[in-house]
Every structure is written in C-alpha cells, then in structure tokens.
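Participant: Make a model of the complete structure from these sequences and hints.
Here is how the chains run, residue by residue.
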Amino acid sequence: MGAPDDEYDNDEECEFAEEVSSTPSAVVKSCNNDAYCARRDAPMSSSKSSSVDPSSSSSVVFSPELLGVYYSRLFPYDLLYSWLSYDPSSIVVNNGKVVTPSKASSSSSSSSSPSSSLTFPRREFSMTIEPSPGQEVYIRYQSFTSRDELCSAVTRRRPTKIDIGAVFNHPPKDNKSLPSGRLQTVERELVFDIDLTDYDAVRNCGCGGADICKKCWTYMGMAMEVIDAGLRLDFGFVHVAWFYSGRRGVHCWVCDDGARKLSNEARSAVASYFEVGYTSRPASASISRYLGMHCVPLFPSFRAHHVNLGSDKNKGMHLSSPLHPALSRAHEILEPHFVDRVLPEDGHGLLATRASWTKLLLTLPKAAHPVASKLEERWRSTKDRSTPREKWIELKSELASFVGGGPARGGGGPAKAPKNMSSIDRTRIEMWPVETVFQQTYPRLDINVSKMQNHLLKSPFCVHPKTGRVCVPIDSNDFATFDPFAVPTLARLIRELDEYEAKSGDGDAGVVHDWQKTSLRGPFECFQKKFLVPLLNDERRALKEERERRAAVIGDF
Amino acid sequence: MNVAGPVRSRQSSHTTSSYDAKNKRADGGSSSSSGVDMYLDVPSFELSLDEFEEFALARLKVLRKIEEMKARNLLPDLYRSQLDAAIKSNLRSNDRIDVASHFILRAAYCRNEDLRRWFLTQECHLFRHRLESLSSRGPGNRGSGNGNGNNHDELRDFLIRNDFDLDRVSAIEKERLRDKLLCVPGTNPVEFNVTEYYRVPFVQALELVGRRECHVSDGNAYVPLARIVSIVAAKFRSSLSRSLASAGVMFRQVVSRDEKTRIGPLLTSMNSQYTGPGGGGTGTAYGIDGEGTLTAANVDDMAARSMPLCMKQLHRGLQRDHKLKHQGRLQYGLFLKGAGMTLEEHTLYFQREFTRIMTGEQFNKQYAYSIRHTHGKEGKRASYTPYNCTRIILGNPPQSGAEHHGCPFRHYDDASLSALLGQLKIGNTVDRDAIMAHKRDGNFQLACSRHFEAVHPGAIALEGVSLDGVGNHPNAWFSASVSYYNAKSKKGGGAMTDGGGMTVVKAEEGV
Ligand SMILES: [Zn+2]
Numbered sequence: 001m002g003a004p005d006d007e008y009d010n011d012e013e014c015e016f017a018e019e020v021s022s023t024p025s026a027v028v029k030s031c032n033n034d035a036y037c038a039r040r041d042a043p044m045s046s047s048k049s050s051s052v053d054p055s056s057s058s059s060v061v062f063s064p065e066l067l068g069v070y071y072s073r074l075f076p077y078d079l080l081y082s083w084l085s086y087d088p089s090s091i092v093v094n095n096g097k098v099v100t101p102s103k104a105s106s107s108s109s110s111s112s113s114p115s116s117s118l119t120f121p122r123r124e125f126s127m128t129i130e131p132s133p134g135q136e137v138y139i140r141y142q143s144f145t146s147r148d149e150l151c152s153a154v155t156r157r158r159p160t161k162i163d164i165g166a167v168f169n170h171p172p173k174d175n176k177s178l179p180s181g182r183l184q185t186v187e188r189e190l191v192f193d194i195d196l197t198d199y200d201a202v203r204n205c206g207c208g209g210a211d212i213c214k215k216c217w218t219y220m221g222m223a224m225e226v227i228d229a230g231l232r233l234d235f236g237f238v239h240v241a242w243f244y245s246g247r248r249g250v251h252c253w254v255c256d257d258g259a260r261k262l263s264n265e266a267r268s269a270v271a272s273y274f275e276v277g278y279t280s281r282p283a284s285a286s287i288s289r290y291l292g293m294h295c296v297p298l299f300p301s302f303r304a305h306h307v308n309l310g311s312d313k314n315k316g317m318h319l320s321s322p323l324h325p326a327l328s329r330a331h332e333i334l335e336p337h338f339v340d341r342v343l344p345e346d347g348h349g350l351l352a353t354r355a356s357w358t359k360l361l362l363t364l365p366k367a368a369h370p371v372a373s374k375l376e377e378r379w380r381s382t383k384d385r386s387t388p389r390e391k392w393i394e395l396k397s398e399l400a401s402f403v404g405g406g407p408a409r410g411g412g413g414p415a416k417a418p419k420n421m422s423s424i425d426r427t428r429i430e431m432w433p434v435e436t437v438f439q440q441t442y443p444r445l446d447i448n449v450s451k452m453q454n455h456l457l458k459s460p461f462c463v464h465p466k467t468g469r470v471c472v473p474i475d476s477n478d479f480a481t482f483d484p485f486a487v488p489t490l491a492r493l494i495r496e497l498d499e500y501e502a503k504s505g506d507g508d509a510g511v512v513h514d515w516q517k518t519s520l521r522g523p524f525e526c527f528q529k530k531f532l533v534p535l536l537n538d539e540r541r542a543l544k545e546e547r548e549r550r551a552a553v554i555g556d557f
Numbered sequence: 001m002n003v004a005g006p007v008r009s010r011q012s013s014h015t016t017s018s019y020d021a022k023n024k025r026a027d028g029g030s031s032s033s034s035g036v037d038m039y040l041d042v043p044s045f046e047l048s049l050d051e052f053e054e055f056a057l058a059r060l061k062v063l064r065k066i067e068e069m070k071a072r073n074l075l076p077d078l079y080r081s082q083l084d085a086a087i088k089s090n091l092r093s094n095d096r097i098d099v100a101s102h103f104i105l106r107a108a109y110c111r112n113e114d115l116r117r118w119f120l121t122q123e124c125h126l127f128r129h130r131l132e133s134l135s136s137r138g139p140g141n142r143g144s145g146n147g148n149g150n151n152h153d154e155l156r157d158f159l160i161r162n163d164f165d166l167d168r169v170s171a172i173e174k175e176r177l178r179d180k181l182l183c184v185p186g187t188n189p190v191e192f193n194v195t196e197y198y199r200v201p202f203v204q205a206l207e208l209v210g211r212r213e214c215h216v217s218d219g220n221a222y223v224p225l226a227r228i229v230s231i232v233a234a235k236f237r238s239s240l241s242r243s244l245a246s247a248g249v250m251f252r253q254v255v256s257r258d259e260k261t262r263i264g265p266l267l268t269s270m271n272s273q274y275t276g277p278g279g280g281g282t283g284t285a286y287g288i289d290g291e292g293t294l295t296a297a298n299v300d301d302m303a304a305r306s307m308p309l310c311m312k313q314l315h316r317g318l319q320r321d322h323k324l325k326h327q328g329r330l331q332y333g334l335f336l337k338g339a340g341m342t343l344e345e346h347t348l349y350f351q352r353e354f355t356r357i358m359t360g361e362q363f364n365k366q367y368a369y370s371i372r373h374t375h376g377k378e379g380k381r382a383s384y385t386p387y388n389c390t391r392i393i394l395g396n397p398p399q400s401g402a403e404h405h406g407c408p409f410r411h412y413d414d415a416s417l418s419a420l421l422g423q424l425k426i427g428n429t430v431d432r433d434a435i436m437a438h439k440r441d442g443n444f445q446l447a448c449s450r451h452f453e454a455v456h457p458g459a460i461a462l463e464g465v466s467l468d469g470v471g472n473h474p475n476a477w478f479s480a481s482v483s484y485y486n487a488k489s490k491k492g493g494g495a496m497t498d499g500g501g502m503t504v505v506k507a508e509e510g511v
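If you're matching them up, the sequences are chains A and B in order.
For the first sequence, position 366 matches number 366 in UniProt numbering, and the numbering has no gaps at all.
For the second sequence, position 113 matches number 113 in UniProt numbering, and the numbering has no gaps at all.
One thing to keep in mind: the hints can contain errors.
Only pairs whose alpha carbons sit at most 25 Å apart, straight line, appear in this in silico DMTMM-like list of lysine to aspartate or glutamate [what the hints assert, rightly or not]:
#	chain 1	residue 1	chain 2	residue 2
1	B	Lys-235	A	Asp-257
2	A	Lys-261	B	Asp-163
3	A	Lys-451	B	Asp-167
4	A	Lys-451	B	Glu-207
5	A	Lys-261	B	Asp-431
6	A	Lys-396	A	Glu-332
7	A	Lys-530	A	Glu-545
8	B	Lys-488	B	Glu-403
9	A	Lys-261	B	Asp-167
10	B	Lys-235	A	Glu-265
Negatives, chain B to chain A, calculated, CB over 12 Å [as the list claims (entries may be wrong)]:
#	residue
11	Ser-44
12	Leu-49
13	Asp-50
14	Asn-94
15	Glu-154
16	Ile-160
17	Gly-186
18	Val-194
19	Leu-208
20	His-215
21	Ser-241
22	Gln-327
23	Glu-353
24	Gly-360
Interface residues of chain A toward chain B, partial, derived using beta-carbon atoms under 8 Å [as the list claims (entries may be wrong)]:
#	residue
25	Asp-234
26	Ala-266
27	His-318
28	Ser-320
I should point out that these hints are in silico values taken from the structure, not numbers from a laboratory.
For each residue, glycine too, the CB sits at the ideal point set by N, CA and C.
Facilitator: This is the structure:
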C-alpha cells in the first residue's frame, strides 16, 4: 500500500489528544487501557503495575526485541485474517485438520466471493507504536487489502497494541481523500469489555486498580459464564469468542452475521439487557441508605474493615420481583460461585469473620432487623462452628421464615415478622439474598464499549506490554478454570520456541505454524477448531444459499 | 429486480409502468380493508386539483378532531367512538382518499419543525387508534369480543405486509413458557390466560429488550399483544418522523422552483386551511363564535368593516348588479357560510338582492337550490369548504365587468387596484404604496395582509385577536377583524395609534 512512514506525525490521526497532559507532543499518549474510547480515568502509572505476576517479575517479560520476534514468527496472522475476512475460502479443512491455503492459491482464486464483497480491506485497524521508549504514538484508520499487507505492516511497525475497529463503506486508509462525513461504519462485531477495575468495591483480596490475583479473577469467570449464556440462549448467537485482555479483564466478540449488522440502537439495547444496578426504583430506598441508618446505633462494636458493599457500580441495586428469566438464570449460575468463592475466608471472606458478617448483616433491610440481631448473637457465640456456606443457608432460611415461609433452622425459635409488614418491605427482604449475590458477582460491563459500531477494541492475539502476556482465546469450557497467570509471556514463548527447535529441528509433520511449537498451540488450535471453523462453515452455507437464491431469480439452475 | 435483465423491461416499456403502480396500490395497498397503513410507499395515482384539496381537507378534519379530543381529555370510549365517526365520514368516501390525503398533508406539513411535530403527533394518534381497533376485538380479549378471529388475521396481515416478522405463540408453547413469561416485569398474572403472545425478532422490540420488559429467547422477544401495538406504533412514528425531516429539505427546493405550478402554493397554505363550522370540522380554525353572527341585516355593515377585499368586491358587485355569476356565488356563498351565516339568512340576503331584478319565483327556481347546495342540504350533501386564498388566486380570473370573484390583488391590473384602494379609502398613501408594491412583486397574500394591517391598527397588540391565517384565508381575515372590533369595544374603544409597526404572523414565503 506504500504508506509513508511519517504518516503518524500528523496530528489529526490522534483523537485522544485531550488525554495527554504530561507529554509535549500531541500525538503522544501514555494510556494503556484496553478500550480507551470510553475511558476517561487516569492512565496507569507503570510503576504501580509492574509486578503483576510474582513468578515472572525477575525476568524480562516484554521488550521491543521480543515483540519483534513474536510478530515475525508467532503472531497468528492466518487466524486473524480468516476470522476478520469471514471468507470461507481462506481456510481449508482436510481430514479434520485445518490448513490455510498457500498464499499463491488464495490470492489467485477469487472463487467463492468477489473481493469487493470482502470486508477485510474496509476494516479499520489502529496501532499504538513506541518510536522511542516511553513515547506512544497512536495511528488510526489503517486498513489492509490482504493478510500479507497486514503482516508486513505489523512486523515493520511492531505496535505495542493493535486495535480493531469497524468495517467501513470505504477502506479507512482512504479517509483523508474522502469528503468529510463520507466514511461510515457498515458493520462490526458486537463486543463486550469486562474489567476487574470495575470490581474494586467487591475485591476483598487486597487488589486494586490493575492488580489481579486468583481470588478476584474468579469474578471474571462468573461474568463470562453469565454473559455467554445470555448471548447464546437469549439472543441466539452462536459465534461468541472470548479473549483474555492480557492484564485484568476479558473481551467478548460476537461474530454472528446478525450481530455484526446490529444498529447502534440494538447494541445499546443488548448491553442494557445485561446491565443491572442502574434501575433503582425511586419509591424504595437503597441498600446504602439502610446501611447509613443502621450503621452506628445497631452494632457499636463494629470496626472498619475492608469489606466493601454498597459503594460502587452495582450499589443500590433493586431487582424487580419476580426476577426476569435472564436474571433468574444468572442467579442460578452465580449463587454457587458466590457460596464457594466469595463467602469463605480463601475467597472474599464475606461471611468468614465477625467483622465481615456484621457488615453484611447491616445491609439487610431495616424491617429485617430482628433477623440480623438474632444471627449476629448466634454467630458471635463461641459454640458456633458453622462454615460461611452454612451461615449463608441459615441466613436465607431465617429470612424466608421471617417473612412467612417455613420454620427456621436452629434454636431460639424463628423471629417472626410483624403481621402488618408492608408488601414492599416483604419483597425487599425476599430479594435481599439475590441482590447481595448480584451486587458481589453480577457482571460489570463497560457498556459504552458495546454501544457503538465504531468503538475500537484491542485485537486478540496482541501482547500486553505491561505483563508480556498474550491475549489468548478463552474456551467456553474454561471460564471457571482459566488462569491468567498461566498465560504465556513473550519471554516464555521465545524460550519455548528455542527449546522446541533445539530438540526436534523442523521435522514435526503436524506443525505448520511456529506458534504450534509453543504453549500457544492449545488455545490457538482450540479457537480454530471451536470458533473459526464453525464460523466459516456458516459463512459458506450463507454464500451458497445466496448463490442459489440469485440463480432462482435469474431462472438459471 | 435488475437481475431479470433489461430485455423484459424494455419490451414492456413505460406504458405499463404507471398502470402497474396503480394496480399495485389498488390491491396491494395496505389500507384496503383494515385502514391501517404504514404509508411506506408513495402512491402514484392521479388526482384532480379539486380532489387534491378535498382529500387533504378531509384528513385535516380528522387530525384536528384528534387534537381537539386529546385537548379535552375525552374518556377512552368516547374518544374511540367519535374518532371512528370522524374517520368514517371523512376518510372512507373514496378508496384512495386515506393514502392520498396522508401524503398530501405530509408534503404540506414537512416545512418546519412546528408543523412536523403537529402532524406527527396527530398521525400517530390516528395510527394507534386504527391499530388498536384492529387488535382489540379478537377472541383473546375480553369485553368487546364478538367471537370472530378476523381482526387478528387482519392484524397479522398488516404486520406481515409491513415486514413485522412475527408469529403468534401457540397455546401449547405459551403454557410451556408460562413461568418465564410470568416473571417479566409488568405481567399481570390475572390476565395471563387471556393474553396473546407474539414472537418477534428481538431487534424489533429493542425498547422492551433494553429494559428487560419481555422474555427473550433464541433471538426472539416474546411480546404480549398490547405491546405489539406499541412496537408497531413506535416504528410508525420513527419512520414518519424520518420521512418528514427529509421531505422538509426537498419541499423547499420543489416549492421555490415551481412557484407557478399549482401544487406548491396549495401545499404551503394547507395548514391554515379552513375546516371551521361551514365545513363541518371542529371549529378550531377561524370560525366565528356560533352561528348567526352574520345575518342578512348586518351583512352590509360587516362587509364594509370586516371583509377582505375579495369579499368586499363580491358584496359590492351583488349590491350593484343584484346578482352574482356562478363562480362569484360559490366563492362568496361559501365564505358567508364559513363566517357563520345560516342557510336561512343566506337565502334571505340573496333573495333581497336578487329579487330586485327578478321575481321571487325565479329566484327560488334558479338560485335557492344552489344556496341549499352550498350548505350541504341538497345533492350529495357534501360539505363544501370555503375557498382559501390559494384556491382563489389560482382559480379562473373574473371576466371584466360581469364577474366579481377572484383575488383583486392577483387579478386586477395595477391601475384598477390602485384606483380601488383609493376609492375605498384604505389606509394612508404609505399603506397603499406598500400594498401596491407587494402586488407588483407578486406577493398577493402579503398585499392582503398589509390591507388588514392598514385598517386594523394595533391588532397585533390586542388580546384575544388571532392573526393566524390572515392572508391565507378570507374567513381568517374576517374573523380576525371581528375579534379585533370585539376586543377594542371591550377596551372601551381606545384608539391604537401605532398601526404602522404591525406585521402579520406566519406570512408564507415564496407565495
Ligand atoms: Zn485480587
């Protein structure tokens, strides 16, 4: 395409100039957010997040040189190209093995679909590059006519980050020569961005900001499970791909034809469908208000503790009763995780210590005050040996019998709600356990990322410069077990590559790509087999139907 | 379509194209039975200028009726029955009238934001009413059910015709989904058994989806019938709103370019069309308070004081010749009717003049019938509408001497008009010069407005005087003048002196 190297010196290519304050040049930015179009929070300082992974902090996980090797040998251009071109001829399945056609044949045969209909050349890529250490230049509106063009641009520029935008009506690289306003988005995958920074208020593991640990990562697993189920079961989407963002979150790409063509309005609706917590009914008071009312007088011995409730995104959440079917399903998914991974001491300790359960009981609606007092007294006793799980069950059953359900477990006789309790109070008490589970664990989406067709999102398969980890695909069977600390770093990959080649030379028949010589092989091949092949098969089927439909119109069978 | 190849379309050539379009409209027209139409296809039939105006006014009456009833906050049942009656008497006379009138008014009301909003609001009420009538009498709904399911088929047909891709949820499936459907906020468990559900692709129910106010499964939203109506109504509203906005841009080009064609001016004046008492409308326009204001006894005084120049000339002609030619009788007679003159007074007045040159028998034989006809008491019993300025300006010019109809500002030459203004002592020389200047520029309606200003000093500052439509409709001119004198007499007749500064509101550009 012959793009001059100096093109990123143009100010117009950086639309984020307002985020830059400390650096002299307008095109330099220091923001490492995964999806920064929507972000207006302060950029991370690199010192704070340098030692994310204790096991690898001693060695260099990321450097421009390592990145150069990654881009020239390991980056899966074929996978990215096959996917984003939605071109079934870009992939050939042979005896169950996926092979990409040789470059010669793929470029010469335009058999299945005319190249003008291919979306890849009209896809926006943007790149963040570091011409000198500490400087970041952001280049928007890149586009490439082929896999090879993408490959050569990436290897030449060595971007620290690649973002993927929408498919436009014209190749976005022509944007300068088009009259302003002419370049318009045509389609785009439906994307979701979930990030642990939005979970700070419920992370009782000690992490904050960009830090993560295995304890708080469990929230990501739960979020993926809930959103994935909703996308597939409710919206009927099939081609849903999840990726580790490289640091502290996950990205979801919904690639069904119908999803790619959704209007911005429809994207907003889908995102809102998954969102809870912003719809508090003005008629009823919020949890945090009750918290405020009770805090001091009820338990004077209470001391501040790092258990956080009711001071964040999902605060004041009021769910309507009965629960919408999508939320019922989410609750069914989340409550077991909540019991296993949030309540215990080795989770977030919500019912593990006296301070924490006291704090939790304080969030009960005012009308359930007798239950809170009774349980606080019972659990305080030295005779009480109940586990957090048992406490949760006990709490729920006490509440149920309080508002008129069956008899409560345990001694002392159940506290009974006054006969004249209002139906609003009754509902609030009934909903409290659900709301508590949701407040802790329900997915916290950055929905601005999802709302707009032209929102940029970090490309899968990139390497996060702060962690050195690859943005690997996450299989839907692995939501609960995916371990971000097991994701290979650049340094490890280069080492694996060297080791493989020292050991076996070049002789392995099953190995076509260099990434197959490393621990990327597992996640990449899984992505290929479980996402890419079914996706392109659907595209092939759609193309065939379209051809037959047109043949029928012409009367030319 | 273009795949079918140029050969076939060349063979049939353009002779069939308009025929095809007409036919498509006639049997595929979505208003055929139900009366509900999304108005997505612009019709292609031909209308006479009279039909053009007649159709438009018929719809205007219905829309103004809606506006009035909404303002009065009528009970739902009363609203429905009165609106049904208004639709029946105005939009059912002709199978083209509904579609044609919608598009004529769409063109007339796209010009500015206020007009667009008014039109959009009333049209959406009308649409919703028709859609609800279509869906409310089915077997699943209690109360008004008459046992046949035709209305649901009609609703279904309508939705299919308009690309609403939906299925009725079968009783078995509804039972299977019972627990889920009941958990949707806003669902009334008591009515669940008699509620019908439809399955639509979720993208057609975005508002409900975004608020989690429907069950969503496998890409479909499950929506109760009552909410289907709101989905369809929302789609209608947004598509009409879009069309109006884009039509507004085009309108300015078309009308300013084709000023001499007859359609442009007709459209620009449509919103000020008179649908008052004489026209059987709602009286929200420029009608006078009740009938009997204008009588055979006071008509001479009122003509001198409160009639616009065109009607003054007809009055003077009748006074002088004791008869009026056909077109004059129509223009003047309809004006009198619109100004509140009853059939009896009208007959009395004309009889008084005509019998100066003919016998009462002759008058009865030749003219009484046409007066009754004017009032809708004979023949088709159609309600004839008083002419507006556009119609008068575009009508046939009067033949010199014997005919007095038409618009003096348009149809008289400069010298005659100038002489007339002087003779009638209209305003001062400054006023008369201004009127003549407008006339010479072809701004006949501005000239007429200027006439009003000249003889009603301070009108704009008077409370209770509406100048809406002055310069667009003779009846508006008249009723503004009447209210002017009423207001002044209430204020003790205090003379206003700053008449020169008044401008007439909403003077239309380009006419
Ligand atoms: Zn943590």
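Participant: Now tell me if each hint is right for this structure.
Facilitator: Status of each hint after checking the structure:
Between B:Lys-235 and A:Asp-257, the direct Cα distance comes to roughly 23 Å. Compliance with the 25 Å bound is thereby established for this hinted pair. The suggested pairing of A:Lys-261 with B:Asp-163 holds, with an alpha-carbon distance near 18 Å, which does not exceed 25 Å. Between A:Lys-451 and B:Asp-167 the CA atoms are separated by roughly 29 Å; this puts the pair beyond 25 Å, and the hint is violated. Simply put, A:Lys-451 and B:Glu-207 have alpha-carbon atoms about 14 Å apart, close enough for the 25 Å limit, and the pair holds.
Our distance criterion of 25 Å between C-alpha atoms is broken by A:Lys-261 and B:Asp-431, whose separation comes to about 63 Å. About 15 Å separates the Cα atoms of A:Lys-396 and A:Glu-332, which keeps this hinted pair within 25 Å; it holds. Proposed proximity of A:Lys-530 and A:Glu-545 is supported: the alpha carbons are some 23 Å apart, at most 25 Å. Restraint check for B:Lys-488 and B:Glu-403: not satisfied, since their Cα atoms lie roughly 35 Å apart, outside the 25 Å limit.
The straight-line distance between the Cα atoms of A:Lys-261 and B:Asp-167 is roughly 23 Å, inside the 25 Å bound, and the hint therefore holds. Proposed proximity of B:Lys-235 and A:Glu-265 is supported: the alpha carbons are some 13 Å apart, at most 25 Å. Distance check on B:Ser-44: its Cβ is at least 25 Å (rounded) from any Cβ of chain A, clearing the 12 Å threshold; non-interface status holds. At roughly 41 Å, the least C-beta separation between B:Leu-49 and chain A is larger than 12 Å, which holds for a residue marked as non-interface.
Chain A leaves B:Asp-50 outside its interface by the beta-carbon criterion, the shortest separation being 44 Å against a cut-off of 12 Å. Distance to chain A confirms B:Asn-94 as a non-interface residue, since its nearest Cβ pair spans about 37 Å, more than 12 Å. Here B:Glu-154 stays apart from chain A, with its beta-carbon at least about 29 Å from theirs, past the 12 Å limit. Taking the minimum C-beta to C-beta distance to chain A, about 20 Å, the non-interface status of B:Ile-160 holds against the 12 Å cut.
With a least beta-carbon separation of about 9 Å from chain A, B:Gly-186 fails to lie farther than 12 Å from that chain, contradicting its non-interface assignment. Even its closest Cβ contact with chain A, about 20 Å, leaves B:Val-194 beyond 12 Å, as expected for a residue assigned away from the interface. Not every CB of chain A is more than 12 Å from the CB of B:Leu-208 (nearest about 9 Å), against its label as outside the interface. Not every CB of chain A is more than 12 Å from the CB of B:His-215 (nearest about 6 Å), against its label as outside the interface.
At roughly 14 Å, the least C-beta separation between B:Ser-241 and chain A is larger than 12 Å, which holds for a residue marked as non-interface. Consistency note on B:Gln-327: stated as away from chain A, and its beta-carbon is indeed over 12 Å from all of that chain's, at 54 Å minimum. Here B:Glu-353 stays apart from chain A, with its beta-carbon at least about 66 Å from theirs, past the 12 Å limit. Even its closest Cβ contact with chain A, about 72 Å, leaves B:Gly-360 beyond 12 Å, as expected for a residue assigned away from the interface.
For the restraint placing A:Asp-234 at the interface with chain B, the shortest Cβ-Cβ distance is roughly 4 Å, inside the 8 Å limit, so the hint holds. Given hint, A:Ala-266 at the interface with chain B, holds; its Cβ is 5 Å from that chain's nearest Cβ, closer than 8 Å. Look at A:His-318: its Cβ only gets to about 12 Å from chain B, farther than 8 Å, so that hint breaks. For the restraint placing A:Ser-320 at the interface with chain B, the shortest Cβ-Cβ distance is roughly 5 Å, inside the 8 Å limit, so the hint holds.
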